[in-house]
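A.B. asks: In case you want the letters, here they are:
Number of protein chains: 4
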Amino acid sequence: MSINSFGHLFRVTTWGESHGPALGATVDGCPPNVPITPDMIQHWLEKRKPGQNKFTTQRREADEVRILSGTFEGVTTGTPIQLMIENTDQRSKDYGDIKEKFRPGHADITYFQKYGIRDYRGGGRSSARETASRVAAGGLAREAIKTIAPDVQITGYMVQMGPHQIDRAAFDWDQIEQNPFWVPDAKAAVDWAEYLDGLRKSGSSVGAIIEVTARNVPAGIGAPVYGKLDTDLAAAMMSINAVKGVEIGEGMSAAMLTGELNADEIFMGPNGPEYSSNHSGGILGGISTGQDIVVRFAVKPTSSILTTRKTITKSGEETEIITKGRHDPCVGIRAVPVGEAMMACVILDHLLLHRGQIGKNQGLIGSKK
Amino acid sequence: MSINSFGHLFRVTTWGESHGPALGATVDGCPPNVPITPDMIQHWLEKRKPGQNKFTTQRREADEVRILSGTFEGVTTGTPIQLMIENTDQRSKDYGDIKEKFRPGHADITYFQKYGIRDYRGGGRSSARETASRVAAGGLAREAIKTIAPDVQITGYMVQMGPHQIDRAAFDWDQIEQNPFWVPDAKAAVDWAEYLDGLRKSGSSVGAIIEVTARNVPAGIGAPVYGKLDTDLAAAMMSINAVKGVEIGEGMSAAMLTGELNADEIFMGPNGPEYSSNHSGGILGGISTGQDIVVRFAVKPTSSILTTRKTITKSGEETEIITKGRHDPCVGIRAVPVGEAMMACVILDHLLLHRGQIGKNQGLIGSKK
Amino acid sequence: MSINSFGHLFRVTTWGESHGPALGATVDGCPPNVPITPDMIQHWLEKRKPGQNKFTTQRREADEVRILSGTFEGVTTGTPIQLMIENTDQRSKDYGDIKEKFRPGHADITYFQKYGIRDYRGGGRSSARETASRVAAGGLAREAIKTIAPDVQITGYMVQMGPHQIDRAAFDWDQIEQNPFWVPDAKAAVDWAEYLDGLRKSGSSVGAIIEVTARNVPAGIGAPVYGKLDTDLAAAMMSINAVKGVEIGEGMSAAMLTGELNADEIFMGPNGPEYSSNHSGGILGGISTGQDIVVRFAVKPTSSILTTRKTITKSGEETEIITKGRHDPCVGIRAVPVGEAMMACVILDHLLLHRGQIGKNQGLIGSKK
Amino acid sequence: MSINSFGHLFRVTTWGESHGPALGATVDGCPPNVPITPDMIQHWLEKRKPGQNKFTTQRREADEVRILSGTFEGVTTGTPIQLMIENTDQRSKDYGDIKEKFRPGHADITYFQKYGIRDYRGGGRSSARETASRVAAGGLAREAIKTIAPDVQITGYMVQMGPHQIDRAAFDWDQIEQNPFWVPDAKAAVDWAEYLDGLRKSGSSVGAIIEVTARNVPAGIGAPVYGKLDTDLAAAMMSINAVKGVEIGEGMSAAMLTGELNADEIFMGPNGPEYSSNHSGGILGGISTGQDIVVRFAVKPTSSILTTRKTITKSGEETEIITKGRHDPCVGIRAVPVGEAMMACVILDHLLLHRGQIGKNQGLIGSKK
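Protein chains in written order, with the numbering used here: chain A, 1 to 369; chain B, 1 to 369; chain C, 1 to 369; chain D, 1 to 369.
Isolated chain A, as found in the complex (with noise of 0.2 Å):
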């Protein structure tokens, strides 16, 4: 119930702030004897580090992670796994301006209404910098994933910028790895970059939606009513810093839709049911289908502008701010990974989780399987 922690069995309590000496995930409940080593959960931070091209923030950390416990001779022992990340770039001067003044769109007046403290030093917890924390702990679930379910995959990627969508009929997987944005349309890719270009020369920022697929997850995983597969998925995504909207399958969509045009039907394949389409995402009561699961998360344009906005100063007055510094003109495309590592943290709290009530499934449908 811990307020920075989640996860029924599978528990990451995240720790630490943008400017301090470090930040973190403590990791509870991982199952024991899966391999791992730095370089394992390494990978899945580089993906996320910032600087990498001009299109993300310039601020230059080395993310690198340090596992403080929890494993023994490279597997995990069943006990807590700490994973550290030092903060190596703590300039604070670039944030000077901010020290007395609220920025419009951050969350900083709500926490100094809050707790009554202004760390002005860069958005202290609230900075995206806590995602990275995010990112090692969905490394370790990735590893622990592949004992007990070894065919799930989990890819994140890019679907809308700003008033861009992707074409779904030109989806192609492979295009995801090749472009700054991880977009499966390799066209987009390019007009998305010469777009983003211009906001980022204009000081501006953007929104974007991300989506989030989990391909081979068994059916059966997930549990109503509080504990449904979507409602921890929901909580996971919008969880992440600037997320507004989550949704599932069809999403807000569903909206629109009939029953009859809604309703997947149900046919028998080799391996047990399969299904006409996909409008649930994969969620059928809480509980998966073994279809992919789905999710979509929008996220808002940063607050960090080169603009004049009105706001007021922590003792009342009415004044002007520009936030200079380092800013992502598009911070959903440092999301794709952390919302990867949100459904690999969920999807193995859910293996965990249906093995604990359940054991292994209890219906098996038709005799094919």
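Hints in this document: simulated from the structure, not taken from any laboratory.
Please read these numbers as outputs of a predicted model, since none were measured by experiment.
You may find that some hints are simply not true.
Copies of the same chain look alike in the list, so a pair counts if it works inside one copy or between any two.
Claimed, not checked - Restricting the straight-line Cα-Cα distance to at most 20 Å, the calculated cross-link-like pairs of lysine to any residue (SDA-like) are: (1) Lys201 with Ala189; (2) Lys146 with Pro38; (3) Lys314 with Val75; (4) Lys360 with Pro150; (5) Lys310 with Thr56; (6) Lys187 with Pro163; (7) Lys324 with Tyr120; (8) Lys314 with Gly366.
Position chains B, C and D relative to chain A; hints supplied.
C.D. replies: For chains B, C and D alone, coordinates are given in the frame of chain A:
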């Protein structure tokens, strides 16, 4: 952490199936000395009750709530409150056809795959009937909120049915109670009635979008990073049957905004900060700003329709199904009071959580307050 | 984390007061397909029921359990199980004298100080009547354990009443069911009857020590360091009304042992490790060894006695009180089935928790197994 | 629900092993604006640190705590606080003999059976070294308590070592800091030194009983029935390594009392209720009375002794073992600051939990208050 529970301090566990003897909510952590009578809760159950007009299922339930524990002489005692609703309409003959067949778009297949149980009596635990328990708990939460933050007002209403959206320019709070759809737009109410009547007669169904607004919530409630107010709201709404998407403030459209448009500018008012707009939906960094908290969720169309659909049986044979019986052409209508109830529970929970960790807000802005 | 709940995966929330309409247990996380009928649970409630002989309170309760949810066609469905017991004996006139006065040694004063409520009707939530809910949940847990670890046997018995201890040399499992004290020593049963009859006639009361043993629990359940099996057992037993001490294995006497005496030597048996002794009470490092799990707890004497005691009123005036009405001269007697129930719930919970995180034991010792 | 965490609102997760790079405590839910520096925490770690005299293990650890997150300019921010202690003394050669053999009375066998991992480097997660993390968290809790209930005083001391008990008539608070055993009886301190020196020289070890008293805790904290103050204290103390029994107030001896002797009579004092005695240990019905809260726990002797004991190897062969290396003849000595730390964490947690649900006490007794 219980899978059928939600809330940190105000903790609700719902139990019961559509066709068992009873269902209800076990509520733990309610403050003491909250005046409460069954009538206060019944008021909200009446709002949700089916069979009140031709647009909701004709299944008739008394939905009478009993308070079995946790009160004494008309006030809460601080101990667990058991809210029980007996099922009076347990006719199950209507559902005989589905004993062996799975309904496309329904959770009966995943429940069977997980648990090995085929409770063919009408949805069992996955039935929307479970939401009566939530409405009961929400009614209690509303009374408890009054003792802590008496100005809070929670109102739900429908903003989209199928392809038809409300006209925001015609938004009128007073219209909400005047029509069977809880729609704040008089003209839409008339148009939608005609539209839905057509769907009902053809045995079809359609989805909807519900918006729930909480006004006068104090600034400072909520908590990083997994106990965020928006995280808990997303989970609360996504846990409702048939919900496929959740939005806070600008929601999925945040993807289309630039930083300039998205950031609500801040001014100093007589009672604290005021904002030029509310793209944030009243939440920044997971903490309330003091503006209206605005949540939307999409409800998919019910899978019980009169059109033949392809499906399989428990033993894996391919077949077809028509779901006869009593249906809701738009289950979204009855989701309005459910969304309100979830909002009430989450707001109360965060008021208590805030008081527990912080006592009262630590950071006051300006001398005017 | 709910304050009226316990258990990680098998999660029990009890609700209800001694003089309200009903009380019960909301049980979440039970495995599906566990055969269960009300009779199976009633069996254990009968054991706890008051008024069965002159040594327990003459307050009469039918203590009839109803299963309101979570089962279908005689088996559990995996969804929440509501176990309700209606209060039939709600006479409150006996308690009139205590409406304004606090009873020394009773929780009515602290409940009033905390909640501001004086539920004078007989203890309210602090009444031992609450333990009926635990016994019901324990009955269910026993059936679920049978489906996972069928050889487990859980037995409680009294080992001390007032100053009188059993003779361990005369320990006889078969005696336990043969006397009203559940004492495994035939001679003690006779002696204690005489002793307690004297106390009863004089309107006094006395404490007791109950021991609960779980045999044939598999090695490997439990978890460091706050989910230890002994941690959860200590909490489970200490949460029972009137309990003031809990011991595992050697218990408080472990203080007097040297390392040589305390360490149970290990040998290799046909089915795995065997031990020369069981000072550990079947638990090392919070994890079961496969030996008998042995827990003891001390129950204080009831505060309801016929001797005048000094006390104060709600308004702070000094006065005296005699608690007339129906009493248990030794509430420890009825604590025996309660202790068994808590042991059953904890064992089942840890079987599920272990299966969730680990699947099955990872480390087999020796080729003989 | 995390298995390595405790606390409802002030939530502590410990991580790390005796021979890994570091260990620590992740603390969530601490109130903001609590003044805290590493020195304030270090003070308590010094008290626990081994190697300070001949009666504790000669293993030397700097035990230097670093605060990696959750503070800014010398106060807590309300976000997670990471307390890290690096392991500096990682010599493992002393333990080589136990690589294949299990130590009787030690958790290495159950850890192996559960997890399939044999971390032979000195106890791993089951090492008493883990308690350093608790002491660090407790140091923080003490400072947070000061901001809410400044008069609370928490003191631990030893009341029994082996067969030797203190003389309660000679109890002197000022003696506690004057001897290496934290014993409040000057004569006992001298006698025990001689006794323990003999045990140390013979390579033996012995158990102990520690008592922890919290003075000036306000009446009204704690909650029925599984969040009782005594329930949480029992779990907190039982979770400490080597603890086999926990008592509140009269403890196991409550079994021997009659109702007349056990019930503390109540009088009216200038600041509220006063009691003739404190058999209850300051807790009635799980809620504090305002009297001293008194908890005792028994620590078994360490299993590391110089006498040959029979055991088995990982492969199931029978053999013998002598545990050479650095030992504590009485680990109970170092358990004193650990018990204090757990008391501090539980008291703080319940102060917050009470404030969350109740705000402040609702029931005032008498007009004098």
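A.B. asks: All hints are to be evaluated individually against the structure, with a verdict given for each.
C.D. replies: Do the hints match the structure? See the list:
no.: 1; hint: Lys201 with Ala189; verdict: within (18 Å within a copy, 47 Å between copies)
no.: 2; hint: Lys146 with Pro38; verdict: within (17 Å within a copy, 41 Å between copies)
no.: 3; hint: Lys314 with Val75; verdict: between (49 Å within a copy, 18 Å between copies)
no.: 4; hint: Lys360 with Pro150; verdict: both (16 Å within a copy, 18 Å between copies)
no.: 5; hint: Lys310 with Thr56; verdict: neither (26 Å within a copy, 48 Å between copies)
no.: 6; hint: Lys187 with Pro163; verdict: within (15 Å within a copy, 30 Å between copies)
no.: 7; hint: Lys324 with Tyr120; verdict: within (14 Å within a copy, 54 Å between copies)
no.: 8; hint: Lys314 with Gly366; verdict: between (66 Å within a copy, 7 Å between copies)
In the structure shown, a violation is registered for the earlier hint numbered 5 alone.
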